[in-house]
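These protein sequence lines map, in sequence, to chains A and B. If you read the first sequence in our numbering, its first letter stands for residue 1, the second for the next number, and so on. If you read the second sequence in our numbering, its first letter stands for residue 1, the second for the next number, and so on.
Derived from the structure by calculation, the hints contain no laboratory data. Predicted, not measured: the structure shown is a model, and the values here were computed from it. You may find that some hints are simply not true.
[To be verified] Calculated lysine to aspartate or glutamate pairs in the EDC-like style (CA-CA distance at most 20 angstroms, straight line):
(1) B/198 <-> A/31
(2) B/81 <-> B/542
(3) B/779 <-> B/852
(4) B/119 <-> B/718
(5) A/29 <-> B/54
(6) B/81 <-> B/100
(7) B/471 <-> B/574
(8) A/29 <-> B/696
(9) A/29 <-> B/542
(10) B/352 <-> B/542
(11) B/198 <-> B/606
(12) B/607 <-> B/121
As a plain string of letters, each chain reads:
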Amino acid sequence: MMKKQIAKFAVIGALILGGTACSDFLDVKPEGVLLEGEAISNQQDIENVLNSIYDVTANVYNGRMQAFSTALGDNINRPRTSTFLQEVYGRQTNIFNSDVSAVYLDAYRAVYRANWLLENIDLVDVEANRRQEILDEARFLRALMHFEMVRYFGQPFGFSSDNSHLGVVNKTATIRELVPRNTVNEVYNFVISELEAVAQRLPESNGIYATKAAAHGVLADVYFQMNQFSSAAAYADSAISGSTTTLMPGFNRYEAGMNTEIVFGGYSFASLNDNRGGSFAGFFRWDNQPNPNPELTIDANTYALVTSNPDDIRDSVWFSVLNQGNPNEMIVYSKFNYDFMDVPIVHLTKLKLTRAEALAMTGSDLGTAIQDVNDIRERAYGSNAYNLAPTATSTEILDAVRYERRIELMCEGDRIHELKRLGVLGEIQTIRGADWDCPGQVLQFPAVERSDVFVLNEEGGC
Amino acid sequence: MKQLYSAVTLLLFSVLTTQLSAQSITGVVTDEYNEPLPGVAVVVRGTDKSDVTDFNGMYEINGLEAGSYVVNFDVLGYIEKQQGVDVAAGGAATLNVKMEPSSNELDEVIIVGYGVQRKKEVTGSIVSLDSRQLTDMPTPSFETAIQGKAPGVQVVTGSGIAGSGSVVRVRGIASISAGGDPLYVVDGIPITQDYFLKGNSGAMNNNPLASLNPEDIESVEILKDASATAIYGSRGSNGVILITTKRGANTRPGEMNFEFSTRVGVGQPTAMPNMLNSEQYIQMYEEAWFNDQALYLTNPELFSTPPPTGEPVFPGGISLAEAREVNTDWADEMTRMSVNQQYDFAVGQNGKGYNYRVGLTYDNNQSYLTQNNYQRLGARVNGDINITDKIKLGITSSVFQGLNNRVDEGWSGGLGAAMSTALPIYPIYNDDGTYFSGGNNPVRLRDLKDWQQREIRSINSAMLTYNVTDKLFLTASGSYDFMQLVEDIYEPQELIGTTHAGVAKRFPLQVRNWNVNATATYLYQAAEGHNFTFLAGTEFQERRQVNGNYFNPVDSSYTNEVTDAQGPFFTNPELLDQLELDYTNLPGSGNTFASFFGRVNYSIKDKYLFQAVVRADASSNFGPENRWGVFPSLGTGWVMSDEPFLYDNEVISFMKLKMSYGISGNAAIPNNQWRATYGQNGNYFGQPITYQLIRENPTLKWEESQIFDAALEYGFLDDRITGEIAYYYKYTTDALLSVQLPRYQGFDNYWDNLGEILNTGVEFSITARPVVTNTFSWKVDFNIAYNYNEITSIGGYSEDAVSGGTNDTRVVVGSPVGTNFLVRWSHVDPATGRPVYLDINGNETMTWTPDDRVAVGKVLPDAIGGITNSFTWNNWDLSFLFVYSLGGQVYDSSSKRQLGVVTDWNMRTEIFDRWTQPGDEATYPRLTRDPGVYGSNTPWINTDLWLHDADYLRLRNFTIGYNLPKSTIDSWGIDRFRVSFIATNVFVLTNYPGLDPEIARDFENATDRNMSVNITYLTPPQERTFSLALNVNF
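Excised from the complex, chain A in its bound form (with noise of 0.2 angstroms):
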């Protein structure tokens, strides 16, 4: 009878309890952050997440990624105090580089936003037009990031004759899963395949955020590295052609505000205190310093070959030398000596050095390339008493510009993926003594991508 009574409470409280009542009483709402209903409410909500993926790319772009190349490169000296930039220069990254980690996960943490936007965007009602821009430009983004880990993170285009080498994950959605890494080929089919979609779409013009010539640009890029020439020139010269951009006079590409070059890029803010070129000042810049020990300086038969020519303007723009015949001696790089720096990542400098030397590689309207690096050039040494000829073979502009190409993109993230591209090409056997397919030339992944079916890259630097 009792034993009856009590049951029967105890089902009715826990009915009672375990309804509604219960249910809000256990749902304990986090502070001072949002749930995706409040976060995700209206269109904006939908910019803005698109925003953030722009937001983290620049983040990739703020100088910590292209250091990389610049220390695989042939154009710095030992970084001074960084054990793990040590590691990248000396070839030598492990799997505990939180450097190289860092880069890696904001580059995914872009691609994930941009699978999350992909899939989520029909969470709220957005303009049919807008909405169809919205994905083309995260979907550009996407790509982008791609390209950018697989030429770090797998050996280059090339290095196998299928290029069944492995390359990184094609992360196209967000589920969370242990996936293998794909092939070389795959992730550039990937972004080849994204980027000449969104391409036909994009607009014209855009402001700073994604635009069709953005796209060319990088396409351009990509095509370049595969050591595919024609495509290579033809989308750098829709590129050129397909943005408002002018060839600066001067070398301040980076100063905040000042490069009419750019066609995509990252960009600072002195009044919003935003800069996204803070990591080159940390690793270059001098002249805010009493005693200036920059962590990168330049090499010195980099900087032999730079003065070579005394009327070369950019030897005394971006180079400097301190403490001359003291034991401390060193060569500085003035490049990146602002407070707040724009970050080119598609620009009319490198458009033209590559179609001058796509080319040159062609064969191919040699008109255009020497006119593309005679630009350059008349701008490097303050007149055309450098140009080349109107005559000039391929041969010749090919030892133009990628001389040109190496001096004007110095330290900017080209230098390790034009020498590999060269490698592949057979042009050149080695990058600073060591073959430029061995092992250490790839950065490792971080430890926790190692997984039953991720395999990591091949230790045991060079």
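Position chain B against the provided structure of chain A, taking the given hints into account.
Chain B in isolation, oriented as in the chain A frame:
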């Protein structure tokens, strides 16, 4: 059976006889020493007559009819006794009784969660410790005193830092990222037990148990298996520790009892580091300097940078001449002989219909680290009152203040600095009397920085019990556990090196923990000898943590600091005058639990025991899909010694076989990890951004442990020998892991149910009394617990997906939780003096790379236990407790810097055993300043060279005491007068070369705490103390 028969006969007899009720029985009850025994319940069987002996052991029962009676004498700690007596008509019988102390304590009542059970009837595995066992030595925190006394309970004692907590593990470790500590329940309240309220700041994590006063504790019950823990459902899988505080004592019913105790002692470190002095350091440094110059000539490829030419320049730019003039013994500067004192005073009364106890405590626990101490000041009021015959109100209430003068992390302050970057060539003061600041100067930091944490803790509860009938009891209780931590830091201008006068910081934090529960208990006898006890209940708990900062109306900003302060807030309260404390601005967090539970106990003739428990829990830490979990258990017991074939056995006095199976859970993870949250900090191109913060996992649920337990309790030779053998098998599935996600997922980490963990083991305990006479007795308690732990799955992730912070422990399938995952060290190459490692395939290599890490050790021991010997001789007593640990390892993480590449770290004298010339067979390689020479690009070279066996046997406690004879103190009107001398951590036998083979350091998070006990990184050793104690009851 015979007894039952005679009792029934008596019962019938007394009912049938009808005579005048004028007869009486009187007498005196004494203990084994013939001293009067107060508080004994005296019941005349078959009547409603009873009494309780008074202070003189006397009782008197009147109003009896003439006849033969059996009188029952019962008091806690003594064997219940029956004695027959004939009462003649008109007469008064005298019945004096001597009680024998109970050794098996089977009839003792123990707390089992939402109720009590007789120990004999318990089917689960429960260890019960009384207050005496918890206060027999000074400890920084009460749980430390459990060590060695409870089989299967591993207590890794905290470091010598004041107020530091221990790591407690019940039957191994069944969690990886979720909290692996047992659930602590004080007087029915699951208390706030978060070790990471202050993150990993300072040299020791905040200890949430430090504010509990050991002297307030009546008993501690440790629930180990599912039969016992399932009643705590989703929170029981790592064991439950029930703490019951003292109430009005029964010693002299109706009278006020006073207790006073004090303890005064001194302490010192159990070991001091063997760091190099100035001359030795200079020698090592110079050797490295010149070694490098020489080696560079032949092997420049080994060097990451060309070694500097010329004469050595010492760290801090100090020249050789300057270095030679200084020899600072930093370890000596940072330590002292500590003085500890503790005072407790309590008054209690146990009257008809009420009882109360009021206790006051003051405890000042200095550590041997200079300027580090923990002061506890507190009061507790416990009491019960019968409002009516049927309704009782019970109250427990306590308020404590813990004042903790803290020290910095090892590497920046305290003894740790002396063991690392405070070099002997650094002076304390410059010539002009100012502090030296050209290198680590822990004296400067200690003297200039104020760091104080003030904790206010108040744990309160009220419980109403309603005895509806004598078979049905209802209870309702509500409780509130409040914790406030206010951390004050002050750094003056000299320390922060700015133009400000100094920075005062204050970080207030509150944890508010509400709990309400209601239970119904129903006793039901289905038939003679078939007894049921039903329990049904419900419980709700809400815990909220809020963080405070200060609103400054001048610029409408929030802050936790004031620049240009002349001192800390606690001495300069006027700094706060213009600021308003606000607990709403910073994000807080919270969680809730809702639960329903039931328990049925069925006992057949007190011999065949059955228990079924089920608890359904819902936690806000999980999403709606998996919010509710159900945790059942079944237990059975068979008291074999009550069977006819054993009943009269001469040897076997008690034997019980018990078995149980059930499921317990663990939900101790950070709040709200199951759903996506979004942040909006920052902008790009001046436009707002929105991004996801937490990678959602809507299927997140508790981890579950299936636990099987079988045990045999035994008593031989009239219980002169008692003990228990237990076997358990605990398999944890869906273990909660804070997984480091592969970065291609776009997030650092998230929570998932991925792991599977096996714990299995045996426990053996024995208590023997080889000698028991009226003047001399000897008692031995011995226990040993063997545990095997293995991670059987981590869902395909890599070893690095879950890491023990910086402590280089990893999750490795097939290895235990807390596996040292390290590159193997082979030897020092005699030809070159360079280190030789083993690569992942076991081949020798001179390159160190983390890819060659393998599982080489484990921090969990195979076996732990303790041995207590207790002697009494007349009024003297002596006891000593040894604790031991076998089969575990210690990773001496800081020795890679103290015995590795020569840097700005001081080194240990072991470095003298180094390679100096070709042909040397040395432990340590050639000295160098360039890690490249050791085949590494970093001086942080983790190898198993720093992994050591950590078997130890430690004399944990030695106590000698003297009780003044009853006859003497009686004349003073005193019940008890005891003086004792207590020594702790007297010595330790171990082959471990470092400071202390038992290490609970400051941890980064719960994962680290689970995986990285017994890893030291500049962790101060434990304290050795010598104390005098006085206990007076009157």
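Status of each hint after checking the structure:
Straight-line distance between C-alpha atoms of residue 198 of chain B and residue 31 of chain A comes to about 18 angstroms, which keeps the hinted pair within the 20 angstroms bound. Restraint check: the Cα-Cα separation between residue 81 of chain B and residue 542 of chain B comes to about 47 angstroms, which exceeds 20 angstroms; the hinted pair is violated. A threshold of 20 angstroms between alpha carbons decides the hint, and for residue 779 of chain B with residue 852 of chain B the separation of about 52 angstroms lies outside it, so the pair is violated. A hinted pair counts as satisfied when its Cα atoms are at most 20 angstroms apart, and residue 119 of chain B with residue 718 of chain B qualifies at roughly 17 angstroms.
The straight-line distance between the Cα atoms of residue 29 of chain A and residue 54 of chain B is roughly 58 angstroms, outside the 20 angstroms bound, and the hint therefore fails. Our distance criterion of 20 angstroms between C-alpha atoms is met by residue 81 of chain B and residue 100 of chain B, whose separation comes to about 9 angstroms. Only pairs whose Cα atoms come within 20 angstroms are accepted, and residue 471 of chain B paired with residue 574 of chain B is rejected, the gap being roughly 61 angstroms. For the given pair, residue 29 of chain A sits about 14 angstroms from residue 696 of chain B by alpha-carbon distance, which is consistent with the 20 angstroms threshold.
Distance hint between residue 29 of chain A and residue 542 of chain B is fulfilled; the C-alpha atoms sit about 13 angstroms from each other, no more than 20 angstroms. Distance restraint check for residue 352 of chain B and residue 542 of chain B: the Cα-Cα separation of roughly 36 angstroms exceeds the 20 angstroms cut-off, and the hinted pair is therefore not satisfied. A hinted pair counts as satisfied when its Cα atoms are at most 20 angstroms apart, and residue 198 of chain B with residue 606 of chain B does not qualify at roughly 50 angstroms. This hinted pair checks out: residue 607 of chain B and residue 121 of chain B have alpha carbons roughly 8 angstroms apart, not beyond 20 angstroms.
Comparing the model with each earlier hint shows violations of hints 2, 3, 5, 7, 10 and 11; every other hint is respected.
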